[in-house]
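Heads up: the sequence shown begins at 1 in this note's numbering, then just goes up one per residue.
Careful, some of the hints might be misleading.
[Unchecked claim] As a list, the in silico EDC-like pairs of lysine to aspartate or glutamate whose alpha-carbon atoms are at most 16 Å apart:
1. K198 with D139
2. K106 with E117
3. K262 with E435
What the hints contain is simulated information worked out from the structure, not anything from laboratory work.
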Amino acid sequence: MDLNMPLRSLGPVFRMKAKALSKIGIETVEDFLFYTPLRYESNLIVSKIAETQVGETVTIQGEVTATSNVFTRRRLTIQRITIDDGTGKIDCVFFNQRFILNNIKKSDFLSAAGRVEKFGNKRTLATRHYEVLKSKEADAIHTTGLVPIYSEAGGVSSKWIRGRIKTILDLNVKIDDFIPEEIVKKNSFLNLHEAIYKIHFPKSAQEAEVARQRLSFDELFLKHAASKLRKKDWESQQKAIPFEIEKHSAKIRELIKSLPFKLTTGQIKATEDILKDLSRDVPMNRLLEGDVGSGKTVVAAIAVYSAYLNGFESAFMAPTEILANQHFATISDILEPLGVKVRLFTSSNKKQRATSDERNFDVAIGTHALVQKKVNFERLGLVVIDEQQRFGVEQRANLREKGQNPHLLTMTATPIPRTIFLTIYADLALSLLDELPKGRKKIKTWLVPENKREGAYKWIEEKIRMEKSQVFIVCPFIEPSETLTTVKAVKDEFERLAKNVFPKFKLGLLHGKMKGSEKDNAIKEFRNGKIDILVATPVIEVGIDIPSADIILIEGSERFGLAQLHQLRGRVGRGEKESFCLLFTTSNTDKTHERLSYLRTIDNGAELAEVDLKLRGPGEMFGTMQHGIPDLKIATLSDFPLMKLASEEAERILPHLDRFPELKVRIIKTNVPKISKD
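Use the sequences and the hints to build the structure in full.
In C-alpha cells form, the structure reads like this:
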C-alpha cells in the first residue's frame with residue numbers, strides 16, 4: 001500500500017468520513033497513521049466477573065449467553081447483554097441503543113468496559129465501551145490495555161479512528177524510515193514502522209513513551225533541517241548590493257551623538273551587527289527583538305539612515321495605522337533634520353497622498369498600503385517590518401519584491417524563547433535588546449482577586465482625582481461570550497464603567513472593529529488628556545505610546561500568556577510617574593495565582609516567555625497571540641534535550657543531504673513558520 005494514497009480510495013467506509021477527516025488535516029494514508037493519540041485510557045487488567053465489586057470501573061470478557069430489549073414505562077428502552085466468563089455472569093446494560101442487538105449476538109465473545117452498579121439484587125455493568133472479538137485469544141483495542149484517545153472532529157470518534165488504524169496496520173503496510181539508519185541506530189530509536197504501531201497500540205506506558213520519543217525526534221529534526229536549509233539557500237542564491245558603511249561611518253556617528261539620549265549597550269551591539277550585515281553582499285535577514293520601549297525604532301532609524309547615505313530607499317511597514325503614525329513621527333524627528341524625506345502611506349491619508357508626488361521620498365512608512373502598485377521604489381535597499389507575524393505572507397513578499405534583494409530587518413516586541421528561536425528560526429540572525437533605556441521605572445504589578453475589585457476601583461478614582469492619572473482598562477473580548485460568561489467584553493464593560501463605576505470621569509473606547517479614524521481619534525484624545533480612562537481590547541498591545549498613562553487594569557488576566565501580559569503592561573511606565581499594572585482574575589486556583597505572580601518579580605519579556613513555555617507549553621504561551629509558534633503534532637518545545645539532539649543531527653546531515661533523496665523531499669515539504677523571508 002502506498003502511504004501517499006488518498007484515504008478515500010480505501011473504500012466507502014473512508015469516503016464517508018473524508019470531509020470530516022480533511023478538516024483535521026488527514027488526506028492520505030500517511031496522514032492517518034501519523035495522527036497520534038492525545039492520551040491513553042488505562043484498562044490494563046481484565047477482571048473476573050465473580051470478583052467485581054459495585055462502584056469499580058472494570059473490563060470484563062466472556063461469552064454472550066442472552067440478549068434482550070426491555071421497554072420501560074417512560075417509553076425508554078434498555079438493552080441487556082448477559083455474558084459468562086466461567087466465574088460468573090453479569091448483564092451489560094445499554095440505554096436506548098437498539099442497534100446494539102444487531103451488533104452483538106448470542107455466542108459472541110464480548111469484551112466490555114464500564115462501571116459495576118447494583119440494579120435491584122443484581123450487579124450490572126453500565127457499559128461505556130465494548131467490542132466483539134473473533135476469539136478469546138484476539139487482541140481487544142477498545143476495552144483493554146492502554147486505549148488511545150484521539151482529538152475528535154465532525155463525527156469521527158476515537159473508536160472509529162482506532163479501528164481503522166488497526167485495520168490498515170494489519171494489512172502489513174510498509175512504513176519506510178526516512179531518517180538515516182546511522183541516526184536511528186546511534187540513538188537507539190525504534191524503526192519508524194514499530195514506532196507508529198506502538199504509539200497507537202502500546203502494551204505499556206513505557207512502550208508508548210519510547211514510540212513518542214522517536215516520532216517527536218522526527219518532527220523536530222525536519223523542522224530544524226528545513227529552517228537550516230532555508231538559511232543556506234537564502235545565503236547562496238541571493239545577492240544584495242553591499243552598503244559602504246565605513247565610508248559613511250562619521251555621519252552615522254554624528255547621528256548617534258545627536259540623539260537626545262544615550263544608546264543602551266544592547267542598542268549599540270544591535271546597531272553594529274546590523275551595519276555589518278548591510279556591508280555584505282548577502283541580503284541581511286535579521287530579527288531585532290526587544291521589550292516594548294526598549295528602543296527598536298531608533299536602531300531601525302540608524303539602519304534607514306545608512307541606506308539613505310548609500311543612495312537607497314527604505315520601506316518601513318507596521319501592522320496598524322496607529323503604530324505607522326508613531327513610527328512616522330519618531331523617524332521624522334530623527335532623520336528629517338538630516339535631509340531625509342520621510343513619507344507616510346496608510347489607508348487614512350490617501351487624499352493627502354493624491355495631492356503630492358508618490359515618488360518624492362527616501363523612506364516610506366506605512367501599513368499594508370505600502371504594497372499597493374501605486375507606491376513605487378527606484379532603489380529599494382532596506383525593508384523594515386514591525387511585528388511581521390501580523391501580516392500575510394503575500395503582503396510581506398510583495399513588499400520585498402519592490403526591490404532587488406533588499407536587506408531585511410524584522411522587529412518584534414513578542415518575546416520568543418531561545419529554544420523556539422533556535423528550533424524554528426535558524427535562518428535568522430538575532431539581535432536582542434534586553435535592557436530598557438535609563439530612567440525607566442519598574443512597573444508595580446498587583447494581582448487583584450474578585451473580592452478586592454471595588455477597592456481597586458476606589459484607588460483608581462483617587463489616583464485620577466489627586467494625581468491626574470490616566471488609565472487603560474483591557475478586556476479580552478469585544479462582544480460577550482456565550483460560554484465564558486465571567487470574562488469581560490469591552491463594549492458592555494465600557495457602558496458599565498461609564499454609568500456605574502466612574503461616572504465623574506471621561507471614558508473612551510478602543511477595539512479592533514472600529515474605523516481607523518475612530519481609533520485614531522480615541523488615541524488622540526487620550527494622549528491629549530481629554531480621556532481619563534481608555535477601555536480597550538488587547539489591540540493596544542502593539543505600539544501605542546502614551547507617556548502620561550500610568551495605570552493599566554487587565555480583566556481576565558488568566559486568559560493571557562505571560563508574554564502578552566508583559567506587552568500589555570508595557571503600555572504604561574513610559575513617563576516620569578510611577579506606574580502600576582493591576583491583574584484582575586476570577587480564577588481562584590493556586591496554579592493561576594502562581595503563574596501570574598511571576599509578573600510581580602520578573603520584568604524581562606524573554607524570561608517570562610521561557611517561564612510560560614515551561615508552565616503551559618508552546619501552544620498557549622502567548623495566550624491569544626500564537627503568531628509564529630510552530631504547529632507540532634506530537635513533539636513539544638519544552639523537551640529541550642530532544643530539541644538539542646534534533647538540531648545537532650540536522651546540522652550534521654545537511655552537508656550530505658544528496659545521499660538521502662527521500663529525506664530531502666520531506667525537509668523541503670516541511671512547513672516552518674516564517675518570521676522573515678517568504
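Verification of the hints:
Of the supplied pair hints, the one linking K198 and D139 holds, its CA atoms being roughly 14 Å apart against a limit of 16 Å. The suggested pairing of K106 with E117 is violated, with an alpha-carbon distance near 23 Å, which exceeds 16 Å. For the hint pairing K262 with E435, the CA-to-CA distance comes to about 13 Å; that is within 16 Å, so the pair holds.
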